[in-house]
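Colleague: From first to last, the protein sequence lines stand for chains A, B and C. Everything in the first sequence is counted per the working numbering, starting at 1 for the first residue and increasing by one. Everything in the second sequence is counted per the working numbering, starting at 1 for the first residue and increasing by one. Everything in the third sequence is counted per the working numbering, starting at 1 for the first residue and increasing by one.
Calculated from the structure, these hints are not laboratory results. Errors might be hidden in some of the hints.
[Said to hold, decoys possible] In silico contact screen, one side only, chain A against chain B (beta carbon under 10 Å); selected entries:
1. 96
2. 98
3. 103
4. 104
5. 107
6. 118
7. 123
8. 127
9. 131
10. 240
11. 242
12. 382
13. 423
As the structure is a prediction and not an experimental result, all values here were calculated from the model. All C-beta atoms, glycine included, are put in the ideal place defined by N, C-alpha and C.
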Amino acid sequence: MTGKTLQEQETGRTAPREGRREMTRDVLLTIEGLSKSYPGVKANDDVSFQIGEGEVHALLGENGAGKSTLVKMIYGLVKPDEGRMTFRREEYTPSEPREARGLGVAMVFQHFSLFDALNVAENVALGMDNPPPMGELAGRIREVSEGYGLPLDPERLVGDLSAGERQRVEIIRCLLQDPKLLIMDEPTSVLTPQEVNILFGTLRQLAAEGTSILYISHKLEEIKALCDEATILRRGKVVGTCTPRDSTAREMAEMMVGAELNAPQRAPINPGPVALQVRNLSVPAPSAFGTSLREIGFEVRQGEVLGIGGVAGNGQDELLLALSGEVKTPRDCVQINGLDVGDLGPNERRKAGLCTAPEERLGHAAVPDLSLMENALLSGAVRKQLTKNGFIDWAGTRRFAEEVVKTFDVRTPGIGTAARALSGGNLQKFVLGREIMQEPEVIIVNQPTWGVDAAAAAFIRQALLNRAAKGAAVVVISQDIDEIMEIADRFAALNEGRLSAPVPTQGLTIDEIGLMLGGAHGMHEAEVHHVQA
Amino acid sequence: MVIGGIDIVLLIASMMVAATPILLAATGEMVAEKSGVLNLGVEGMMIIGAISGFAAAVATESPFVGFMAAAVGGAVMALLFALLTQYLLSNQVATGLALTLFGLGLSALMGQGYQGIKPPPTAKIDMGPLSDIPGLGPILFNHDWVVYLSLLLVGGTWAFLKYTRAGLILRAVGESHDAAHALGYRVIRVRIAALMFGGALAGLGGAYLSLVRVPQWTEGMTAGAGWIALAIVVFASWKAERVLLGAYLFGGVTVLQLRLQAAGIAIPVQVLSMAPYLITIIVLVIMSAPRGRATLAAPAALGRVFHASH
Amino acid sequence: MFRLEKRPTPSTFWSWGTPVLAVILTMIAGGMLFAMLGKDPVLAIKAIFWEPLFGANASYFRPQLLVKAGPLILIAIGLSLGFRAAVWNIGAEGQYIMGALCGGSVALAAYPAESFLLFPAMIIAGAIGGFIWAMIPALLKIRFGTNEILVSLMLVYVAENILSTLAFGPLKNPEGFGFPGSRNLQQYPSAHNADLIANTGLHWGVVTAFLAVIGAYILLNRHILGFQISVAGQAPRAARFAGVNPNTLVAICLGISGALAGLAGIFEVAGPGGQITDSFNVGYGFTAIIVAFLGRLHPVGILLAGLLMALTYIGGEMAQLSLSLPLAAIQAFQGMLLFFLLALDLLTNFRIRIGGLI
């Protein structure tokens with residue numbers, strides 16, 4: 001395929017999109033009445049739509065709307081309970097991904113499809129059904145990756161790549177199989193704005209060559225920029241279709257969420273004295289494929305919200321661990337209200353007024369199999385004085401847990417419920433509530449609204465702002481730039497373990513943010529412009 | 001060549017024999033661990049192999065049949081482990097321990113009436129004049145076929161993991177079962193196959209103890225060999241060529257201490273016989289010392305429970 | 001085909017129901033095993049589970065129940081703390097031996113002096129012996145990240161060799177007419193761990209085992225350390241988040257289980273065993289692993305499981321006498337019990353659905 005594609009790509013790049021849109025497309029994939037139930041949830045309910053050849057089709061919906069289940073059915077990972085699909089006018093019932101790939105359906109996953117300890121070529125080979133010998137494959141990876149403006153070295157270990165480069169591996173893996181339909185699940189969540197532009201260039205080029213793309217996202221601006229048609233899912237059902245170019249983001253948002261959303265309200269701030277001071281913080285990478293922190297320094301004042309942005313895997317986890325005390329540092333690296341706490345553990349830092357909420361809810365911020373009451377004890381024991389001489393005050397713990405559930409509107413049958421039984425949004429409200437209700441003077445959260453539905457996300461952001469209004473210093477580490485722009489007073493970017501100097505969020509443009517985040521990883525500026533052109 | 005009353009050529013030759021059971025078991029366990037499953041039941045599979053091989057060899061007068069029965073016996077034990085851990089999602093550490101405890105009990109039961117019997121001898125392969133080469137002959141060309149089979153299996157395993165697609169898939173499953181599942185690989189099937197291969201090799205290793213090395217049946221005769229095989233996998237950082245090195249080093253220590261006992265060196269017998277275990281501990285410490293080095297080489301999904309949510 | 005569905009919350013019913021079901025299934029499968037050996041399965045099961053408690057010679061066997069259950073419970077309680085925290089001490093047999101050696105040495109060194117202080121000194125020495133032996137894997141794990149499973153197990157073989165050296169050497173009874181083994185501590189009043197109430201089997205070791213059950217219950221349900229142990233085992237990252245130092249926990253878990261195993265060792269050689277011989281240890285350290293799991297790592301469960309496992313030991317001996325059932329059959333039987341338990345554990349966390357689509 002390579003030789004031909006490289007030529008086509010030249011024409012593809014220059015082909016005017018307008019002309020293509022007017023053509024009547026042949027239908028590639030139709031979906032009729034697809035339903036799939038899991039215990040207690042109807043993940044998909046009578047979903048129907050179709051995708052034309054060379055069309056970029058958006059599947060739009062909130063977390064939990066059923067997008068993932070739907071694409072898993074198309075890719076043969078899940079069997080539908082009801083409904084039928086046709087692919088190029090033939091009955092299409094893939095029983096496993098191999099069969100789907102054989103027919104020309106390829107998928108780029110959001111998570112979980114790469115192997116850190118294997119190299120790029122091996123990873124690509126694993127995604128192909130009849131890969132050529134390794135030597136030949138490596139050559140083709142070079143050729144195709146460069147042809148699409150996504151250069152990759154086949155010999156490198158995947159674990160050493162940046163998030164954007166990892167995604168390239170997945171895309172190249174798909175492209176080598178000459179797909180008719182390419183499914184992309186939330187592809188931009190791991191990219192800088194510049195990298196997003198490169199990706200969109202590649203996708204447009206593919207569409208121009210006749211490849212259809214099913215593009216899953218909840219980011220409306222992207223869909224407006226890229227997609228020809230959109231199908232909107234809510235609670236497993238199709239609630240609408242539209243042509244993104246002709247619709248406003250607000251219309252699409254309201255279809256997606258099904259209600260009007262309130263943007264967080266915040267009072268103008270009057271920052272007090274410095275509450276959290278970090279100086280010259282360097283931490284070696286904790287694991288083989290982790291990130292080292294290098295000379296990080298910043299300060300946050302009382303009542304102020306600092307947003308720390310960055311693409312996944314640039315040291316967010318490591319930074320939170322070093323600030324929470326789970327990883328110890330030299331004594332004077334971290335100061336809370338003037339007190340050196342760098343060499344203290346999490347509980348001593350809590351005593352000093354610092355609470356944290358890590359990104360991973362199940363397994364880090366909460367123990368999956370323990371009840372909410374026990375999870376309340378997990379980090380609340382010190383500040384809420386839930387132990388006496390080491391003995392647990394269960395009655396007090398129960399009161400604290402109930403208070404959190406009530407105040408933060410956690411939907412649960414009771415505080416005896418195991419943490420893993422809660423939905424992502426509810427559990428996150430519980431975790432955040434548990435920390436905020438300890439009335440910390442400094443609160444640091446990582447990805448506070450990741451995978452959380454819009455209503456819960458708004459609630460959580462408001463709660464953080466309220467805490468800041470009460471005089472706490474708030475640090476929000478997030479990969480969601482919109483979130484940071486919405487609630488932070490100042491912005492700093494984390495890039496390969498280094499933190500940029502914080503700047504006020506007001507008046508910051510998306511391009512400036514993108515450059516702070518590290519621009520396009522592993523690409524020369526020239527190439528970026530080349531592809532964008 | 002004789003040093004301190006010990007013939008070096010004979011020492012090396014007998015080192016290879018002493019190392020063979022552990023080499024077989026460790027190679028099998030390495031493959032199982034490469035697929036992401038920690039089977040602590042090696043000792044149990046070995047001893048079941050030892051008795052089933054012994055019983056079959058005695059019954060048929062054929063050591064070959066004995067070894068085949070041992071491989072089957074070990075593989076059946078591994079299958080039991082696989083069913084529990086892969087389908088019933090039991091804890092791998094606990095299930096491995098159970099496999100060992102059960103294997104020790106069951107083998108003692110099966111071995112009633114086999115104590116004190118001599119098994120049919122396992123023939124050495126006649127390599128003609130090759131075995132008469134001074135030095136090299138006794139070391140390389142004067143062994144029974146199982147020694148050569150074990151070397152072939154190590155070499156084959158090395159090539160399988162490095163060069164074949166099936167080997168790549170096996171490594172991928174051991175790195176991330178979620179990713180492998182998402183790409184449509186049958187994680188559980190791959191793991192069951194790897195476990196059964198490991199069981200078969202552990203069974204062979206056990207039978208080599210009861211049919212060649214000792215050769216007779218006594219209860220609990222593996223005496224920790226299965227655990228040492230597990231330690232050698234760690235020592236080898238999950239690499240076949242280093243499993244060979246580790247097993248032969250260990251075989252050397254074992255043989256050396258036996259020779260020293262026989263040579264009447266003035267060290268208490270017990271001190272010598274605890275030496276292999278102490279050396280295993282020391283080797284483990286050395287391997288783990290630069291923090292994370294051993295863990296870096298370990299398959300990332302080792303010991304994790306896989307349950308495809310859909 | 002059946003498929004599994006994760007329960008939102010672990011089932012309380014099944015967490016207690018599975019051990020009972022496992023025992024029943026083991027009886028059935030064990031019966032089949034015995035039938036294959038040409039024994040009457042019903043008689044064999046009855047000999048194991050019924051005769052020791054209610055049979056003709058029950059009065060002789062009943063005290064044995066406590067004698068056997070005491071060390072099993074004591075060791076299993078210690079192991080269960082580690083297992084909860086995912087610290088896998090499987091070398092309790094070695095710690096048991098070292099406890100017996102240290103405690104026994106104190107007694108033999110003092111022989112024939114009589115003092116009420118001797119017995120407490122022996123007990124402390126026994127606990128220290130087991131503790132030190134368990135701290136070796138603990139410290140190696142903390143300092144070098146060495147796998148504690150392999151190290152603790154290797155140390156069993158080392159301990160056995162030390163035992164054999166000492167039993168044939170320094171600790172050998174000088175008046176033993178060349179027979180192997182130490183002086184009999186049962187004949188040394190200050191050192192003898194006698195039945196507190198004659199012919200009940202209730203000696204200090206059994207009392208300590210009961211105290212350990214109560215202590216562990218309080219620790220796990222009321223104390224923050226017990227909470228931290230459970231958290232560390234289920235979610236290590238969450239444990240760090242809660243301020244738990246994993247190294248401290250490794251040392252605590254291995255230390256406690258080593259000390260308890262050492263106690264079991266000294267209570268045994270000073271009491272029912274009487275003598276340090278090169279084979280006085282009969283595998284309590286390994287059987288206690290089964291006891292800990294069978295008791296679901298819960299103190300009360302371990303108490304019951306220890307009694308049950310003691311019953312199978314005694315019943316096994318009975319069946320050996322009355323039906324000439326090989327003693328090894330009991331070992332296989334115990335292994336089988338653990339298998340069934342682990343398999344059925346699934347019911348606690350998953351629902352099984354029969355049929356249906358994928």
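Colleague: A separate judgement is required for each hint: does it hold in the structure or not?
Modeller: Verification of the hints:
{"no.": "1", "hint": "96", "result": "holds, 5 Å"}
{"no.": "2", "hint": "98", "result": "holds, 5 Å"}
{"no.": "3", "hint": "103", "result": "violated, 13 Å"}
{"no.": "4", "hint": "104", "result": "violated, 15 Å"}
{"no.": "5", "hint": "107", "result": "holds, 8 Å"}
{"no.": "6", "hint": "118", "result": "holds, 6 Å"}
{"no.": "7", "hint": "123", "result": "holds, 8 Å"}
{"no.": "8", "hint": "127", "result": "holds, 6 Å"}
{"no.": "9", "hint": "131", "result": "holds, 7 Å"}
{"no.": "10", "hint": "240", "result": "violated, 27 Å"}
{"no.": "11", "hint": "242", "result": "violated, 30 Å"}
{"no.": "12", "hint": "382", "result": "violated, 29 Å"}
{"no.": "13", "hint": "423", "result": "violated, 15 Å"}
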